[in-house]
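Enquirer: Can you build the whole structure from these sequences, using the hints too?
These protein sequence lines map, in sequence, to chains A and B.
Per our numbering, residue 1418 is the first one in the first sequence, and the count goes up by one each step.
Per our numbering, residue 214 is the first one in the second sequence, and the count goes up by one each step.
Don't take every hint at face value.
Reference excerpt, derived from the structure (chain A facing chain B, CB under 8 Å, subset only) [claimed, not checked]:
| no. | residue |
| --- | --- |
| 1 | R1463 |
| 2 | I1468 |
| 3 | L1488 |
| 4 | K1492 |
| 5 | F1496 |
| 6 | P1498 |
| 7 | M1503 |
| 8 | K1506 |
| 9 | E1511 |
| 10 | F1515 |
| 11 | A1517 |
| 12 | I1519 |
| 13 | D1523 |
| 14 | D1582 |
| 15 | M1592 |
To be clear, the hints were calculated from the coordinates, so they are not data collected in a lab.
We treat Cβ as the ideally placed atom computed from N, Cα and C, and that holds for glycine.
As a plain string of letters, each chain reads:
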Amino acid sequence: MIEIKNVSKSYVKGKKSIDNLNLEIKNGEIFGFLGPNGAGKTTTIRMITGILDADEGEILIDGNNIKKNPLKAKKSFGFVPDSPDMFLKLKGIEYLNFMADIYDIDVQSRKNKIEELTKKFEIYENLNEQIQSYSHGMRQKIVICGALLSEPKNWILDEPMTGLDPKSSFDLKEMMRMHAKSGKTVFFSTHILEVAEKLCDRVGIINKGKLVFVGTFEALKEKFKENGSLEELFLEITEKG
Amino acid sequence: MKKVIALTNVFLKSSFSNYNSKMGIQTGSKKKLPKVLYFILILYLIAIFAFLSYNLIDGFIKIHQEKVFIGMILFGIIGFAAFQSIFSSINSLYFTKDSEFILPLPLKPYQIISARTIVLILLEYIIEFFIGFVPLVMYGYQTGSGILYYITMLIALILIPIFPILLVSTVIMIIMSFARFAKNKNRFQIIATILALILIIAISLASGSISGEMTNEQMAQMLMKANGMLELIKGYFPSLDFLVNALTSENIFVVAIEIIKTFLITGVAFGIYLFIANKIYLKGLVGNLFSGNSRKTKIRLKENDYKNSKLYKTYIGKEFKILARNPVFLMQCLAPAIFIPIIMIGIVYLQTNSIQKEGFQLLFSVINVNSIQIASIVLGIIEFFTMFIYISITAISRDGSNAVFIKYIPVSLYKQYIYKIVPNMIMSLFSIVITLIIAQIILKFNISVLIAIFAVSSLMSLFQSMLMIIIDLKRPKLEWDSEYAVVKQNFNLIFPVIIGLVNIGILALVTVFFKNLSIYISLGVLVLVFTLATYFANRYLYKNQEELARKIY
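Expert: What follows is the structure, given as structure tokens:
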């Protein structure tokens, strides 16, 4: 469970990048975070994961405050950042072993999990190569594998579908569904409205640092009945906001 | 030409892409502090170079050989430009991140290469300001030179680095045209750098030997003549000879002819360079960008590939792997720790003739080797060697945009900082041990003195490593276009030199104040000083671990 309470953040004095954000992502829920470029999605995710400090408010992950109890909070989520260009000089297997050591995963569990995840994403055969030689999509997959290795309760994914081929994208969506079904949380940002519509239990739309809508997609459509397509719907909300 | 200027502008901006670009969160008063600091540091450097030059010129004036100083400085600039551009041009021409974006643009190879080369030359001018401008101005002042000298000096400083940069870049382009045949890009980059190094040394040695071997009598005659030593410098680079003639002459016609000759030779060299570049640059660049990537080894994993390790082992191992597998980091961070002491001591040994060696042996048998003065000299040498180990000062910056990783994993930031400075400590210990082994062979210290020197130097390195990561955390350079920018175009790299000089100052103070006390007391004081310094640096790192990481996001 992720709780964001009255969170604000400014990069420049007097200009709030995130303005009094309140959100609660419950266990068993897939939550899609939408918004135009520069709306504050990545800043929000960076605050949730402890990369950035909020100026005001608090963020709790499974009840642990990310600022006051960071190690416990960080142990309870797996994070996929927006750029998958990480540790390019390490081999795939070295990166996964490194992540497994960080999260204290024993040999047998890591072997099973690495095989399961990398076979699913079809990168098992490439694990002995340096990540540098991977394509963008493969890099995205190895980062996802690294984040999910410790079987974290909360998944926080920043644009996870970027660069994935249709099969891997389908598999990841299936995994997200299964994860939520088992009572755990998925929080992800995306630009793809269709993905949000088909996958999310609820969505949040952020614009200019303010949350302009939270609810189910059905509620969203109901609220803006007159709009035909998803794009038009999205444009109306963000432009009005 | 318009396109070349536009490209040069873009490349220059990305070269100087400031690590303060994310400092918008700071208030106005805080922003001013670094500028003042930069100014003080630059003044400090100018003062050091001016002071050294003054003493050197003064010495040369006393033996009527002052003009050799001009030759030395110009020779130094050429040597430095050639050596520096082996690393900078291979990175800037072939390994910058923006190459993939530049290639699809409607640009001719000569336009790209011209812009890249102009940037290389402009960046060289920054270093040239310290190693060339300041000393030559001092020369002008001490010899009472007129306006003609200063104008010639400026033209000389503009022209002098161009020829060696073009020569090195041509050699690199030729080597890199074979990049498409390389299976392993990283290995190829290391081999190409070493090959370029060997070739450049071979070319300069060959051009030096063309000017002819000298007999002992000829050399003695040359040294007897006023400014005869100048002849020793000539014959290595064509533009060097012309500019030395121009700067040492007071005849305006001689100056004009020599400058025109330099312009001509530089212009012709640039023309030939662009002609070659037009033929082979793109082939090499494309070959380098897209070869090797298709290589799929598909080696099946073995049972022991899924090994678990203690956190500190896996983290430090990861740091070492990244350093060793990246050719730029390998050459700039790891290699100096081993090679600088060996090369420097080797050069001193080879340059010292047998009579001098016997003299030194006699001297060491007469003086008390186990004195604080000798120990301080050895410690100073160690300090000098370890200040070029750039692991800790780039520990955060090397990770680039990936540096945020340290903030979202469940490992305390303090622990990660310590893991990141361990490679610096290990490589420093290499340097310390190599230097102490050589020092022991020559000086034959008491074992207890040797151990005490080892303890002081280790503590000094630990303190320095901690301070360096604090500086990198406070001023991280996370946005870079090539790894080279982190280890060369990074203002932070001045701090190891400053701190090194401060440490040497502490050694000098202890030597002066405790010269009449036992060496053990003096070294004990040093152990105490550096233990305390390390303790406070460590305390600061621990207490401010969160605050220090604020600029990483």
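Enquirer: Are the hints correct? Go through all of them and say.
Expert: Now for the hints, and whether the structure bears them out:
no. : hint  : result
1   : R1463 : holds (6 Å)
2   : I1468 : holds (5 Å)
3   : L1488 : holds (5 Å)
4   : K1492 : holds (4 Å)
5   : F1496 : holds (5 Å)
6   : P1498 : holds (7 Å)
7   : M1503 : holds (5 Å)
8   : K1506 : holds (4 Å)
9   : E1511 : holds (7 Å)
10  : F1515 : holds (5 Å)
11  : A1517 : holds (7 Å)
12  : I1519 : holds (5 Å)
13  : D1523 : holds (7 Å)
14  : D1582 : violated (17 Å)
15  : M1592 : violated (20 Å)
In this structure, the earlier hints numbered 14 and 15 are contradicted, and the remaining ones agree with it.
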